[in-house]
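S.K.: Read off the chains here:
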Amino acid sequence: MMIEESIGYLLTNIDKYYEAVIIHIEISVAAILASLILAIPLGILCAKNSRVSYALINVFNILRIIPSLAILVVAMPILGTGFIPALFALTLLAIPPILINTYVGFKNINPSIIECAEGMGMNAKKILFGVEIPIAMPLIITGLRTSATEVIASATLASYIGAGGLGDFIFTGIGMNDFRIVLIGGMSVALLSVFTEVSLAVVQHSVTRYQRD
Amino acid sequence: MARTAIEFRNVSKQYTNASQYAVSGVNISIEEGSFITILGTSGSGKTTFLKMVNRIYEPTSGEILYFGQPIQNLQLEEYRRKIGYVIQQVGLFPHMTVEENIGTIPQILKWDKEKIANRVAELLELVCLSPKDFKKRYPRQLSGGQQQRVGLARAMAADPSIMLMDEPFGAIDAITRQNLQDELINIQRKLNKTILFVTHDVGEALKLGDKVVIMHEGKIQQFGAVYEIISKPANDYVARLIATQDIVQRLKVLKAQSVMLPVDPLTRDNAFRVSKEESLHKILTYFLEHDHNHVLVEDERRSVVGKITWDQLKASTKQGKILSA
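Those protein sequence lines, which keep their order, are chains A and B.
Position 125 of the first sequence, counting from 1, maps to 125 under our numbering, and the rest follow consecutively.
Position 147 of the second sequence, counting from 1, maps to 147 under our numbering, and the rest follow consecutively.
One chain only, chain A, in its complex shape:
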């Protein structure tokens, strides 16, 4: 019953819905990309420099404990409302899983593999891109999967500070006590999460092919 009514509502508001979906995806993708760009180099730095690693990993773990909503609200006076503060908060949320998994992925590389690569005459850059990153990649993708699902779910909060997205449907629905609208928002976010999770699992499967027979 409720699903039929939801679909009816959806069809009459399809333009608004498309717009919300696109914004939701844009914010999520931007946050995930930003966190990848920051977290992978930081993770590598941590793995190569034990003095930095302790401090850095702890800082990000503490940041992770702070609820995204709190970060959004705290960031508002500085960054204002809209897309940018939402991106900032979601990026902070997405960094720790990728950072920690990159760190662990690098730390797990058998040192004799690196010694051989050096002994063969590969330079640091070739070793990083040709050996270390590919070997750490399965774990980095595991981190990315965790981050991506967290970001997609948390991106609903972005609508609180006027950034739009599927959160608009959820909060509007709650405000109007209209669960058809809540359902549209909620189901869409869930579907996006599942879709992302499945596609990343496929990517991971293909990069770990060598680990199976």
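Incorrect hints may appear among the rest.
[As the list claims (entries may be wrong)] 20 Å max Cα-Cα, derived SDA-like pairs, lysine to any residue:
#  : chain 1 : residue 1 : chain 2 : residue 2
1  : B       : K82       : A       : Y160
2  : B       : K136      : A       : Y210
3  : B       : K136      : A       : G130
4  : B       : K136      : A       : N123
5  : A       : K126      : B       : E78
6  : B       : K136      : A       : T208
7  : B       : K135      : A       : Q211
8  : B       : K110      : A       : R209
9  : B       : K135      : A       : R212
10 : B       : K51       : A       : P111
11 : B       : K51       : A       : N123
12 : A       : K126      : B       : I28
13 : A       : K16       : B       : L76
14 : B       : K82       : A       : A124
15 : B       : K51       : A       : A124
16 : B       : K136      : A       : S206
17 : A       : K48       : B       : I56
18 : A       : K126      : B       : K82
19 : A       : K125      : B       : E100
20 : A       : K125      : B       : K211
21 : B       : K136      : A       : K48
22 : B       : K135      : A       : T208
23 : A       : K125      : B       : R55
24 : B       : K82       : A       : R209
25 : B       : K82       : A       : I127
26 : B       : K110      : A       : L128
27 : B       : K51       : B       : I28
28 : B       : K135      : A       : R209
29 : A       : K126      : B       : E298
30 : B       : K136      : A       : P134
31 : A       : K125      : B       : E78
32 : A       : K125      : B       : Y79
[Said to hold, decoys possible] Label-pair ranges, simulated between beta-carbon atoms:
#  : chain 1 : residue 1 : chain 2 : residue 2 : range
33 : A       : V194      : B       : E183      : 35 to 43 Å
34 : B       : N10       : A       : P134      : 58 to 66 Å
35 : B       : Q69       : A       : K125      : 23 to 31 Å
36 : A       : P134      : B       : R273      : 50 to 58 Å
37 : B       : Q257      : A       : S206      : 52 to 60 Å
38 : A       : S206      : B       : D246      : 39 to 47 Å
39 : B       : Q69       : A       : V52       : 35 to 43 Å
40 : A       : S206      : B       : S143      : 54 to 62 Å
Hint data in this document are derived by calculation from the structure and do not stem from the laboratory.
Since the model is a prediction, treat every value here as computed from it, not as a measurement.
Think of the CB as a built atom: it goes at the ideal place given N, C-alpha and C, for glycine as much as any other residue.
Please build the complex by placing chain B on the supplied structure of chain A, with the hints as guidance.
M.R.: This is chain B only, laid out in the frame that chain A set:
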């Protein structure tokens, strides 16, 4: 006269936070094309010695020369590509196929695809793996012995003149190890590489090396041909180390040419003939099974170069025994 491939000039190495030198005051010249084994117990400095050659470790003092040039003056990566490196843990890249592993350096050197494919096939043949069956496999789909064969092939990909091997067969079962040792000897004869081979196994050191470096407490105790090491140990330590091998094992590593007596090259008797590379163990077996009291030794061209009598054989074992007692 062979050129000097590697020369150590008064080389010492002390690790940070270590009170003692891992290697101290080492002087040695290694001729091009020779198979040198470096023998010692753990902590003797043998691995440090080896890994200073390709600058995995840097000496604290002294100088290492590669064909006369100080290695510090050479561009690090280019220099290392001239030196094959094989270690006990093998260190194959797990995410690459056998073919990609072996092709790593040729690819960096920008060889064309066909040349790389040919080289990979040639090297796999050399290490007795069928290219068709193995080139697409991943390292984890190989046994320990097969992995080390691939490790060896990879180290030889860019045709280095020198090979450094750090206990490469240490983690491999006894039968496979023997096969690999025999194949390595063949490869070395065929390609005339300079090989530095670290091992803690006395039998392996004596079997593989033309010359053996014996290390203890960071110093070279003796550097000499297998025959010299066995018959004239330089000091008590060497004597005790060699004494861990019984007479039969020693006879297995001594070659006919090292103990043969001079003979008139025109000798034409009907005595049994052996190659100058034949082990004294085989000759002993022959004496025990037949009634003859001497054999003739011949070179690759089958001309007689010496003879070994029963008495001479006996003397050669006694000599070592008395000195090492």
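S.K.: State for each hint whether it applies.
M.R.: Evaluated hints:
1. A C-alpha spacing of about 63 Å is found between B:K82 and A:Y160, which places the hinted pair above 20 Å, so the restraint is violated.
2. A distance of roughly 11 Å separates the Cα atoms of B:K136 and A:Y210; the hinted pair therefore holds under the 20 Å criterion.
3. Using a Cα cut-off of 20 Å, the hinted pair B:K136 and A:G130 holds, with the two alpha carbons roughly 18 Å apart.
4. For the suggested pair B:K136 and A:N123, the alpha carbons sit about 26 Å apart, so the restraint of at most 20 Å is broken.
5. Taking the CA atoms of A:K126 and B:E78, the gap is about 14 Å. The hint holds against a cut of 20 Å.
6. As the CA atoms of B:K136 and A:T208 are separated by approximately 16 Å, the hinted pair is consistent with the 20 Å bound.
7. For the hint pairing B:K135 with A:Q211, the CA-to-CA distance comes to about 16 Å; that is within 20 Å, so the pair holds.
8. The suggested pairing of B:K110 with A:R209 is violated, with an alpha-carbon distance near 27 Å, which exceeds 20 Å.
9. Proximity of B:K135 to A:R212 is assessed by CA-CA distance (about 17 Å); at most 20 Å being required, the pair is judged to hold.
10. Only pairs whose Cα atoms come within 20 Å are accepted, and B:K51 paired with A:P111 is accepted, the gap being roughly 15 Å.
11. Note on B:K51 and A:N123: the hinted pairing holds, with a Cα-Cα distance of about 17 Å set against a maximum of 20 Å.
12. Proposed proximity of A:K126 and B:I28 is contradicted: the alpha carbons are some 34 Å apart, above 20 Å.
13. Of the supplied pair hints, the one linking A:K16 and B:L76 is violated, its CA atoms being roughly 61 Å apart against a limit of 20 Å.
14. The suggested pairing of B:K82 with A:A124 holds, with an alpha-carbon distance near 18 Å, which does not exceed 20 Å.
15. Restraint check for B:K51 and A:A124: satisfied, since their Cα atoms lie roughly 18 Å apart, inside the 20 Å limit.
16. A distance of roughly 16 Å separates the Cα atoms of B:K136 and A:S206; the hinted pair therefore holds under the 20 Å criterion.
17. Between A:K48 and B:I56 the alpha-carbon distance is near 17 Å, which keeps this suggested pair within the 20 Å criterion.
18. With a C-alpha separation of about 18 Å, the suggested pairing of A:K126 with B:K82 holds against the 20 Å cut-off.
19. Between the alpha carbons of A:K125 and B:E100 the distance comes to roughly 18 Å, so the proposed pair stays at or under 20 Å and holds.
20. Restraint check for A:K125 and B:K211: the C-alpha separation of about 39 Å exceeds 20 Å, so the hint is violated.
21. Using a Cα cut-off of 20 Å, the hinted pair B:K136 and A:K48 is violated, with the two alpha carbons roughly 32 Å apart.
22. A C-alpha spacing of about 19 Å is found between B:K135 and A:T208, which places the hinted pair at or below 20 Å, so the restraint holds.
23. Proximity of A:K125 to B:R55 is assessed by CA-CA distance (about 18 Å); at most 20 Å being required, the pair is judged to hold.
24. As the CA atoms of B:K82 and A:R209 are separated by approximately 33 Å, the hinted pair breaks the 20 Å bound.
25. In summary, the hint linking B:K82 to A:I127 is supported, as the alpha carbons are separated by about 18 Å, within the 20 Å threshold.
26. For the suggested pair B:K110 and A:L128, the alpha carbons sit about 19 Å apart, so the restraint of at most 20 Å is met.
27. For a cut-off of 20 Å, the pair hint linking B:K51 to B:I28 stands: about 15 Å separates their Cα positions.
28. Restraint check for B:K135 and A:R209: the C-alpha separation of about 16 Å stays at or below 20 Å, so the hint holds.
29. With a CA separation close to 52 Å, the supplied pair A:K126 and B:E298 exceeds the 20 Å bound.
30. Annotation: proposed proximity of B:K136 to A:P134 holds, straight-line Cα distance about 18 Å (limit 20 Å).
31. A distance of roughly 15 Å separates the Cα atoms of A:K125 and B:E78; the hinted pair therefore holds under the 20 Å criterion.
32. For a cut-off of 20 Å, the pair hint linking A:K125 to B:Y79 stands: about 17 Å separates their Cα positions.
33. Between A:V194 and B:E183, the C-beta spacing of about 54 Å breaks the proposed range 35 to 43 Å.
34. Restraint check, B:N10 to A:P134: a C-beta distance of roughly 42 Å breaks the suggested window 58 to 66 Å.
35. Restraint check, B:Q69 to A:K125: a C-beta distance of roughly 26 Å satisfies the suggested window 23 to 31 Å.
36. For the pair A:P134 and B:R273, the supplied restraint of 50 to 58 Å holds, since their beta-carbon distance comes to about 57 Å.
37. In this structure the hint that B:Q257 and A:S206 lie 52 to 60 Å apart at CB holds, the actual value being about 58 Å.
38. At about 56 Å, the beta-carbon gap between A:S206 and B:D246 misses the expected band of 39 to 47 Å.
39. Distance hint check: the CB atoms of B:Q69 and A:V52 are about 38 Å apart, consistent with the given range 35 to 43 Å.
40. About 27 Å separates the C-beta atoms of A:S206 and B:S143, a value inconsistent with the hinted range of 54 to 62 Å.
Going down the numbered hints, you'll see the structure goes against 1, 4, 8, 12, 13, 20, 21, 24, 29, 33, 34, 38, 40, while the others check out.
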